[in-house]
Amino acid sequence: MEIDYQSKISTVVNNIAPSAIRRFFDLANEMKEEVISLSIGEPDFVTPWSIREAGIFSLEDGYTHYSPNQGYIEVRKAISEYLERRFDLKYDPKKQLLVTVGGSEALDLIARALINPGDEVIILEPCFVAYKATVTLAHGVPVVIETKEEDEYKLKPEALEAAITDKTKYIILGYPGNPTGATMTKEDLSKIKDILVRHPDIFVVSDELYSELSYTGEKPASIANFPELYDRTIVVNGFSKSFAMTGWRIGYMAGPAPLIAAMNKVHQYCIMSSPTTAQYAVIEACRNGDKDVEEMRDEYNRRRRVIINGLKEAGLSCFDPTGAFYAFPSIEGLGLTCEEFCERFLMEKKVAIVPGSAFGKCGEGHVRISYAASMENIQEAMRRLKEFVTELKNGSKE
Amino acid sequence: MINRIELLKLVEHNARIKIEDLAVMLNASSEEISAELEACKKENVILGYNTMINWEKTEREEVTALIEVRITPQRNQGFDKIASQFYRYPQVSSCYLMSGGFDLMLIIEDSTLREVANFVSEKIAPLEGVLSTSTHFILKKYKSNGTLFTQKQTDDREAIVL
Ligand SMILES: Cc1ncc(COP(=O)(O)O)c(C=O)c1O
Chain A
1 MEIDYQSKIS TVVNNIAPSA IRRFFDLANE MKEEVISLSI GEPDFVTPWS
51 IREAGIFSLE DGYTHYSPNQ GYIEVRKAIS EYLERRFDLK YDPKKQLLVT
101 VGGSEALDLI ARALINPGDE VIILEPCFVA YKATVTLAHG VPVVIETKEE
151 DEYKLKPEAL EAAITDKTKY IILGYPGNPT GATMTKEDLS KIKDILVRHP
201 DIFVVSDELY SELSYTGEKP ASIANFPELY DRTIVVNGFS KSFAMTGWRI
251 GYMAGPAPLI AAMNKVHQYC IMSSPTTAQY AVIEACRNGD KDVEEMRDEY
301 NRRRRVIING LKEAGLSCFD PTGAFYAFPS IEGLGLTCEE FCERFLMEKK
351 VAIVPGSAFG KCGEGHVRIS YAASMENIQE AMRRLKEFVT ELKNGSKE
Chain B
1 MINRIELLKL VEHNARIKIE DLAVMLNASS EEISAELEAC KKENVILGYN
51 TMINWEKTER EEVTALIEVR ITPQRNQGFD KIASQFYRYP QVSSCYLMSG
101 GFDLMLIIED STLREVANFV SEKIAPLEGV LSTSTHFILK KYKSNGTLFT
151 QKQTDDREAI VL
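Chain order of the listed sequences is A and B. FYI, the numbering for the first sequence is 1 to 398, going by our numbering. FYI, the numbering for the second sequence is 1 to 162, going by our numbering.
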């Protein structure tokens, strides 16, 4: 007898729609060898050697055991010092920090530890794909605010006010953002703060994975910097993007002690502890990684300018991204959906980029171009993009 | 304003990088970049543009030798005079005054083993003021001027990561 596996899978999991653009991803992955890929959301840099070496040394010394659930205290101390030094954020390493398996685990823990079935969570699309899924899996209801190119993908205070209900549990802010590269300045965040002050039951989850990769020349602002919101904000951060450590799977969250304790409960039963080797490596990253980060940031910034210039030459409009390593140009007016655009660009010009619709319905009409790729590849891809767009424009006139 | 250090680092690692590309990367005009590079040349900040070559992959048999030289400094002239007697030889590709156990470091390229031996015994060691020499030969180059001599890393990332 045939087993109907689908019916055995939980309703929540079944209800998470399979990604509509899966087919495109499969296609790109099959062609991996022959394409230039500007579709990757992770640094092309290898982890700086001194950090790798610290991990290797810990292995040689025999540190191969579970760590305390919350993470080694030395690691939490190093993170605490780092957060204060870099972002003026103060957290008690004993009670306010939890070391996780990437920012990804932190987002999941928050959803599971805070949401009661039916609670609403405000997310700002287009955004990182995990926000919605973590909320749904925890039986919460994602409430989407569509951010717009003309607003530089910032959250508008009016839009926030309109989305808040008495079921709202928290809001996820992700700046600098994936896929848009948008940033919110201290002044922008201040307006959001004013609204949240009037709604004292709502918490803020600030995903700051890209906080080191900001090109405004100013110190990146965190909403947790506002004393009024410090006690209601959970900062999610990690080492994946800033220190080029995606494969190590390590991140952390910082916030009010009672909430961290609750998260730790879930973490303790599901994960036990984050990888020991990675924890030893990030002590080095926190203490001695500034120069490596700066060099990578400078290189991303140069590539960012090359991309912006390339998009301009190709005739695509794009708001100036100020953070992360993505540009999110508009492809409207070319007569193609973003998915068709990406598929044809891949087949005809052998360059992989990501359709904006992967990051939410309102991402339609846009594509995400990652500049976490070598300068030569970026330059060549921009040349091909110009060719492609020119052909599209000529073709559509005929 | 062009960040001169950033510009210099870029040309240091890729002397053939195009002026137009530099202009985009550094958010400046091509004219500004050319002017800055020209100024660097005038000020002897940029002294030339070399090419990194892995000679081991060619049929050339030349060796690279590092020669440590201990000398007595000369009155009024310190080490400069005697250093100039060494660095004028074209086969001396680098010459440094050092702190520590010896005084001058000479790097010889473009010579065979025999030539290095002759050079040390005939030109360096007998010179007045030279107390001793110690010659080391490079057996294998792993990395030089920031460039790895082993094969390049390939990009093994997945084609798409969100
Ligand atoms: C905005 C954002 N947050 C969080 C993550 C998760 O990163 P990690 O789990 O590697 O720390 C990503 C990764 O793409 C991201 O783009």
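Some hints could be false.
[To be verified] In the EDC-like style, the derived pairs of lysine to aspartate or glutamate whose C-alpha atoms are separated by at most 16 Å in a straight line are:
| # | chain 1 | residue 1 | chain 2 | residue 2 |
| --- | --- | --- | --- | --- |
| 1 | A | Lys-32 | B | Asp-155 |
| 2 | B | Lys-9 | A | Glu-295 |
| 3 | A | Lys-393 | A | Glu-348 |
| 4 | A | Lys-132 | A | Glu-149 |
| 5 | A | Lys-32 | B | Asp-156 |
| 6 | A | Lys-32 | B | Asp-80 |
| 7 | B | Lys-18 | A | Glu-380 |
| 8 | A | Lys-291 | B | Glu-6 |
| 9 | B | Lys-9 | A | Glu-294 |
| 10 | B | Lys-9 | A | Asp-298 |
| 11 | A | Lys-219 | A | Glu-187 |
| 12 | B | Lys-9 | A | Glu-299 |
| 13 | B | Lys-9 | A | Asp-292 |
| 14 | B | Lys-18 | A | Glu-295 |
| 15 | A | Lys-312 | B | Asp-21 |
[Unchecked claim] Far from chain B, some chain A residues (derived; all Cβ distances over 10 Å):
| # | residue |
| --- | --- |
| 16 | Lys-77 |
| 17 | Val-144 |
| 18 | Val-306 |
[Said to hold, decoys possible] Here's a subset of chain A near chain B, in silico, CB distances under 7 Å, partners left out:
| # | residue |
| --- | --- |
| 19 | Arg-23 |
| 20 | Phe-25 |
| 21 | Ala-28 |
| 22 | Asn-29 |
| 23 | Ser-37 |
| 24 | Gly-41 |
| 25 | Glu-42 |
| 26 | Val-129 |
| 27 | Met-272 |
| 28 | Asn-309 |
| 29 | Lys-312 |
| 30 | Lys-350 |
| 31 | Ala-352 |
These aren't lab readings, by the way, just hints derived from the structure by calculation. No residue lacks a Cβ here, since even glycine has one placed at the ideal position from N, Cα and C.
Checked hints:
A C-alpha spacing of about 10 Å is found between A:Lys-32 and B:Asp-155, which places the hinted pair at or below 16 Å, so the restraint holds. Among the hinted pairs, B:Lys-9 with A:Glu-295 is consistent with the structure: their alpha-carbon atoms are about 11 Å apart, no more than 16 Å. Distance restraint check for A:Lys-393 and A:Glu-348: the Cα-Cα separation of roughly 15 Å lies within the 16 Å cut-off, and the hinted pair is therefore satisfied. Between A:Lys-132 and A:Glu-149, the direct Cα distance comes to roughly 21 Å. Violation of the 16 Å bound is thereby established for this hinted pair.
For a cut-off of 16 Å, the pair hint linking A:Lys-32 to B:Asp-156 stands: about 10 Å separates their Cα positions. Simply put, A:Lys-32 and B:Asp-80 have alpha-carbon atoms about 58 Å apart, too far for the 16 Å limit, and the pair is violated. This hinted pair checks out: B:Lys-18 and A:Glu-380 have alpha carbons roughly 14 Å apart, not beyond 16 Å. With a C-alpha separation of about 14 Å, the suggested pair A:Lys-291 and B:Glu-6 falls inside the 16 Å cut-off, and the hint holds.
Among the hinted pairs, B:Lys-9 with A:Glu-294 is consistent with the structure: their alpha-carbon atoms are about 14 Å apart, no more than 16 Å. Taking the CA atoms of B:Lys-9 and A:Asp-298, the gap is about 11 Å. The hint holds against a cut of 16 Å. For a cut-off of 16 Å, the pair hint linking A:Lys-219 to A:Glu-187 stands: about 13 Å separates their Cα positions. With a C-alpha separation of about 11 Å, the suggested pair B:Lys-9 and A:Glu-299 falls inside the 16 Å cut-off, and the hint holds.
With a CA separation close to 15 Å, the supplied pair B:Lys-9 and A:Asp-292 stays within the 16 Å bound. A threshold of 16 Å between alpha carbons decides the hint, and for B:Lys-18 with A:Glu-295 the separation of about 21 Å lies outside it, so the pair is violated. With a C-alpha separation of about 15 Å, the suggested pairing of A:Lys-312 with B:Asp-21 holds against the 16 Å cut-off. Once the 10 Å rule is applied to beta carbons, A:Lys-77 is consistent with being away from chain B; the minimum gap is 31 Å.
Annotated as non-interface, A:Val-144 keeps its C-beta farther than 10 Å from every C-beta of chain B; the closest such distance is 17 Å. The Cβ of A:Val-306 sits about 5 Å from the closest Cβ of chain B, inside the 10 Å cut-off, so the non-interface label is violated. With its C-beta approaching chain B no nearer than about 12 Å, A:Arg-23 sits outside the 7 Å limit, and its interface hint is violated. Given the 7 Å rule on beta carbons, the hint for A:Phe-25 holds: about 5 Å separates it from the nearest Cβ of chain B.
Interface restraint check for A:Ala-28: the shortest CB-CB distance to chain B comes to about 5 Å, inside 7 Å, so the restraint holds. With 7 Å as the threshold, the beta carbon of A:Asn-29 comes within range of chain B, its nearest partner Cβ sitting at about 5 Å, so the hint holds. Below 7 Å, beta-carbon pairs count as interface contacts, and A:Ser-37 has one with chain B at about 5 Å; its hint therefore holds. For A:Gly-41, the interface hint holds, the least distance from its beta-carbon to any beta-carbon of chain B being 5 Å, beneath 7 Å.
Because the beta carbon of A:Glu-42 sits about 5 Å from the nearest beta carbon in chain B, less than 7 Å, this interface hint is met. Below 7 Å, beta-carbon pairs count as interface contacts, and A:Val-129 has one with chain B at about 5 Å; its hint therefore holds. Interface hint at A:Met-272: violated, since its Cβ lies 26 Å from the closest Cβ of chain B, which is beyond the 7 Å cut-off. Interface restraint check for A:Asn-309: the shortest CB-CB distance to chain B comes to about 5 Å, inside 7 Å, so the restraint holds.
The restraint placing A:Lys-312 at the interface with chain B is violated, with a minimum CB-CB distance near 10 Å, outside the 7 Å limit. Here the hint on A:Lys-350 is broken, as its CB sits about 11 Å from the closest CB of chain B, past 7 Å. Proximity of A:Ala-352 to chain B holds as hinted, the smallest CB-CB distance being about 6 Å (cut-off 7 Å).
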